[in-house]
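2 protein chains.
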Amino acid sequence: MKRNVLIIGAGGVAHVVAHKCAQNNVQLGDIHIASRTLSKCQAIIESVHEKGSLRKPGLLQAHQLDAMDVEATKFLIRATRSQIVINVGSPFLNMSVLQACIETGAAYMDTAIHEDPAKVCEAPPWYANYEWKRRQACKEARVTAVLGVGFDPGVVNAYARYAIDSYFDSVDSIDIIDVNAGSHGRYFATNFDPEINFREFVSTVWSWENNSWKANQMFEHRKEWDLPVTGKSTTYLTGHDELHSMSQNLGVPNIRFWMGFGDHYINVFTVLKNLGLLSEQPVRTARGQEVVPLEVVKAVLPDPASLAPGYTGKTCIGDLVKGSKHGEPREVLIYNVCDHEESFAEVGSQAISYTAGVPAVAAALLIANGTWDVGGMVNVEELDPAPFIALMNRMGLVTRARHDGQDYVVDPQQQVVERSSTDKVVNSR
Amino acid sequence: MKRNVLIIGAGGVAHVVAHKCAQNNVQLGDIHIASRTLSKCQAIIESVHEKGSLRKPGLLQAHQLDAMDVEATKFLIRATRSQIVINVGSPFLNMSVLQACIETGAAYMDTAIHEDPAKVCEAPPWYANYEWKRRQACKEARVTAVLGVGFDPGVVNAYARYAIDSYFDSVDSIDIIDVNAGSHGRYFATNFDPEINFREFVSTVWSWENNSWKANQMFEHRKEWDLPVTGKSTTYLTGHDELHSMSQNLGVPNIRFWMGFGDHYINVFTVLKNLGLLSEQPVRTARGQEVVPLEVVKAVLPDPASLAPGYTGKTCIGDLVKGSKHGEPREVLIYNVCDHEESFAEVGSQAISYTAGVPAVAAALLIANGTWDVGGMVNVEELDPAPFIALMNRMGLVTRARHDGQDYVVDPQQQVVERSSTDKVVNSR
Numbered sequence: 044m045k046r047n048v049l050i051i052g053a054g055g056v057a058h059v060v061a062h063k064c065a066q067n068n069v070q071l072g073d074i075h076i077a078s079r080t081l082s083k084c085q086a087i088i089e090s091v092h093e094k095g096s097l098r099k100p101g102l103l104q105a106h107q108l109d110a111m112d113v114e115a116t117k118f119l120i121r122a123t124r125s126q127i128v129i130n131v132g133s134p135f136l137n138m139s140v141l142q143a144c145i146e147t148g149a150a151y152m153d154t155a156i157h158e159d160p161a162k163v164c165e166a167p168p169w170y171a172n173y174e175w176k177r178r179q180a181c182k183e184a185r186v187t188a189v190l191g192v193g194f195d196p197g198v199v200n201a202y203a204r205y206a207i208d209s210y211f212d213s214v215d216s217i218d219i220i221d222v223n224a225g226s227h228g229r230y231f232a233t234n235f236d237p238e239i240n241f242r243e244f245v246s247t248v249w250s251w252e253n254n255s256w257k258a259n260q261m262f263e264h265r266k267e268w269d270l271p272v273t274g275k276s277t278t279y280l281t282g283h284d285e286l287h288s289m290s291q292n293l294g295v296p297n298i299r300f301w302m303g304f305g306d307h308y309i310n311v312f313t314v315l316k317n318l319g320l321l322s323e324q325p326v327r328t329a330r331g332q333e334v335v336p337l338e339v340v341k342a343v344l345p346d347p348a349s350l351a352p353g354y355t356g357k358t359c360i361g362d363l364v365k366g367s368k369h370g371e372p373r374e375v376l377i378y379n380v381c382d383h384e385e386s387f388a389e390v391g392s393q394a395i396s397y398t399a400g401v402p403a404v405a406a407a408l409l410i411a412n413g414t415w416d417v418g419g420m421v422n423v424e425e426l427d428p429a430p431f432i433a434l435m436n437r438m439g440l441v442t443r444a445r446h447d448g449q450d451y452v453v454d455p456q457q458q459v460v461e462r463s464s465t466d467k468v469v470n471s472r
Numbered sequence: 044m045k046r047n048v049l050i051i052g053a054g055g056v057a058h059v060v061a062h063k064c065a066q067n068n069v070q071l072g073d074i075h076i077a078s079r080t081l082s083k084c085q086a087i088i089e090s091v092h093e094k095g096s097l098r099k100p101g102l103l104q105a106h107q108l109d110a111m112d113v114e115a116t117k118f119l120i121r122a123t124r125s126q127i128v129i130n131v132g133s134p135f136l137n138m139s140v141l142q143a144c145i146e147t148g149a150a151y152m153d154t155a156i157h158e159d160p161a162k163v164c165e166a167p168p169w170y171a172n173y174e175w176k177r178r179q180a181c182k183e184a185r186v187t188a189v190l191g192v193g194f195d196p197g198v199v200n201a202y203a204r205y206a207i208d209s210y211f212d213s214v215d216s217i218d219i220i221d222v223n224a225g226s227h228g229r230y231f232a233t234n235f236d237p238e239i240n241f242r243e244f245v246s247t248v249w250s251w252e253n254n255s256w257k258a259n260q261m262f263e264h265r266k267e268w269d270l271p272v273t274g275k276s277t278t279y280l281t282g283h284d285e286l287h288s289m290s291q292n293l294g295v296p297n298i299r300f301w302m303g304f305g306d307h308y309i310n311v312f313t314v315l316k317n318l319g320l321l322s323e324q325p326v327r328t329a330r331g332q333e334v335v336p337l338e339v340v341k342a343v344l345p346d347p348a349s350l351a352p353g354y355t356g357k358t359c360i361g362d363l364v365k366g367s368k369h370g371e372p373r374e375v376l377i378y379n380v381c382d383h384e385e386s387f388a389e390v391g392s393q394a395i396s397y398t399a400g401v402p403a404v405a406a407a408l409l410i411a412n413g414t415w416d417v418g419g420m421v422n423v424e425e426l427d428p429a430p431f432i433a434l435m436n437r438m439g440l441v442t443r444a445r446h447d448g449q450d451y452v453v454d455p456q457q458q459v460v461e462r463s464s465t466d467k468v469v470n471s472r
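So the sequence lines, in the order shown, correspond to chains A and B. With the first sequence counted from 1, adding 43 to any position gets you the working numbering. With the second sequence counted from 1, adding 43 to any position gets you the working numbering.
Okay, chain A solo, but in the shape it has when bound (with noise of 0.2 Å):
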């Protein structure tokens, strides 16, 4: 069965979401790509014709739209009769996105955890602040909708899932740790929106730490990692969306986030914090003029999308699982690396949006053929990571697993080099 798809958001993400649907789009149906900003959907468009990404001939279609108001965006979806709606706009349309397909019947995908624009760093677990609320209503109206499945969160809970169930027969602790080794050349940059990009780091960082939330200070813990390909590579603990989930889902005693910064993005980050320029409540200027000043940081820092072209160097995102097998302690790291400039000559964007837009369009794909159309919200390690990871590796994304000595991609669909006959595949609820 085929389905339209309707993507909302024009940036960075968007942009790769687009050309991967184009790809794929023999297992698709119409693409459309939907923002407040026309012009940016269309420039999409052209990037996609311009790299031949289309499969086969298919409609490709842009729209201008202001996603927070719930009836034109179901509007959209009807008059698109778009089935799948990829939400890869800002983290503040969530709910409103979601609140449209669930009174359209559209299957929901995001990439992030829904924000509200006034609050920064909400009570653990964040999900249950906003999007489980709805779980009741989705469940009522059988809408597939799947949160945060993009790489971190996302293809990271599916790695936990599928290491939890392949490689031990208790688990520890998970440490997902997410480096950067890449290099933009310019003085200062956020690889995503700049606004959500701090807003992860100016507040509590929470983490799981024996089965409870523990609150830390930003760049309070440090940790150094001999990671694969990236090498030694400096991280911070730092809150993320996953925390919030798989805490509740994967009986996990300790779960924690590592994020690898440089010496020079702390200095900035720290200058601009404490100045206060990181604030999400407006201050008035001497003129009276009303400004929240992150968003004026924003608008001074270069557009991620911007850095593709010069960027080189690789990302690595991995989760590092500690436990045990056959009764012997035991340590695993899945992983997957990806190179900025590879990224950028198939799809014109970074590995940072190439990673997080690649898992959404694997996750459309599951739910057009019905592997992941669980009727139901789910965050990604409540569903079969097998299918997930296999696509991927097929789609530019390979996961790789490295323990014992050995270094090796992992495909869950051939054969696992590790899976034991007790091992069984965990199927979605």
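Treat the hints as calculated values from the structure; they're not laboratory data. Computed from a prediction, not measured in an experiment: that's the story for all the values here. Heads up, a few of these hints could be off.
Copies of the same chain look alike in the list, so a pair counts if it fits in one copy or across any two.
Pairs of lysine to aspartate or glutamate residues, derived as DMTMM-like cross-links and limited to a Cα-Cα distance of at most 20 Å, are as follows [claimed, not checked]:
#, residue 1, residue 2
1, Lys-316, Glu-338
2, Lys-316, Asp-306
3, Lys-368, Glu-333
4, Lys-162, Glu-89
5, Lys-94, Asp-382
6, Lys-368, Asp-218
7, Lys-266, Asp-218
8, Lys-275, Glu-89
9, Lys-83, Glu-323
Start from chain A and add chain B according to the hints.
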């Protein structure tokens, strides 16, 4: 003759000016304070009463005024029968207030050069772009206008004049050195209006070298000085108002301005500048709001006046003059040291405001008693420095000289150690 004074502005310098006018109201008449925000004028008046600064009972009155409005300013000058206007408001106001003075006959003074909000670092000499265009109008109206009579510009111009006339046969270079070795205990703050402070450093740094303008970059030239009291101090070549008149009036081939900066200040400044947050040109936020980044930075930084209570340490500002006397090379430092805590104890301000405000009031007293009432527009180096320096010695800013192993108080109206019979006092033009 008693002269009523109208103070325009209600910031840190205005605070000092009001206190010092009050302390000297035996020689002045009524004191009026006007700014856009009435409550700030009222707060200054309260402080004057609290400290008992009024030497004798006298009128002290607050007024709401938009000093960009020439007619409103003229009305207030006439209504208060003010004969001296001390403009210590934003430098954006200079030309409007000057015009109001020319049309009403009131004497005009300010402590910083006129600026256009939309332009930074125009072609030198800066005074020729604005103030000096009104020179003829001042002359015709017989209006005294003393430009830039704070500490720097102002006192340092008088120091240059005084040094040239009293210590040298010929002068080769004047290095103006401004070091604040104080500590306000905050993460970061500017010592006066951040908008004006940063505008000094964001563009070309002009210096006067071999009788012509040289363009430099900010933080390009670094120099350590061994100063009295503050000791070894690191400074950087900086663009500053006084070079733009001193270069034209003194016949000295090399005039440079050096400002002290700590590494932390430079780091914060560098981050903000490189990100584009010090720009006076508006940017558009994602929400479509037009915002001037520099105004937002100003809004988040501490109000300079709020730093005063906890400020400790001292400033050292002066002129290092090099030339020859009787055929021998000679080097004289003429300078002032001001203490933050002492300034606060006396008038409730830190030393940066104190050193800028006291000279303005000294100038007002010299205009009031006729000494400096020249009936035209002048920069400070065109006036007789002796009565000015002598008066400030008694008002809280003591001038000292260091040369040839000596270090002593300069009191030009008593006796100058170095003055020979061939030295002459230069009269105001």
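Results of checking the hints against the structure:
no., hint, result
1, Lys-316 x Glu-338, "both (13 Å within a copy, 17 Å between copies)"
2, Lys-316 x Asp-306, "both (15 Å within a copy, 18 Å between copies)"
3, Lys-368 x Glu-333, "neither (58 Å within a copy, 60 Å between copies)"
4, Lys-162 x Glu-89, "neither (37 Å within a copy, 39 Å between copies)"
5, Lys-94 x Asp-382, "within (18 Å within a copy, 68 Å between copies)"
6, Lys-368 x Asp-218, "within (18 Å within a copy, 75 Å between copies)"
7, Lys-266 x Asp-218, "within (11 Å within a copy, 49 Å between copies)"
8, Lys-275 x Glu-89, "neither (40 Å within a copy, 61 Å between copies)"
9, Lys-83 x Glu-323, "neither (25 Å within a copy, 28 Å between copies)"
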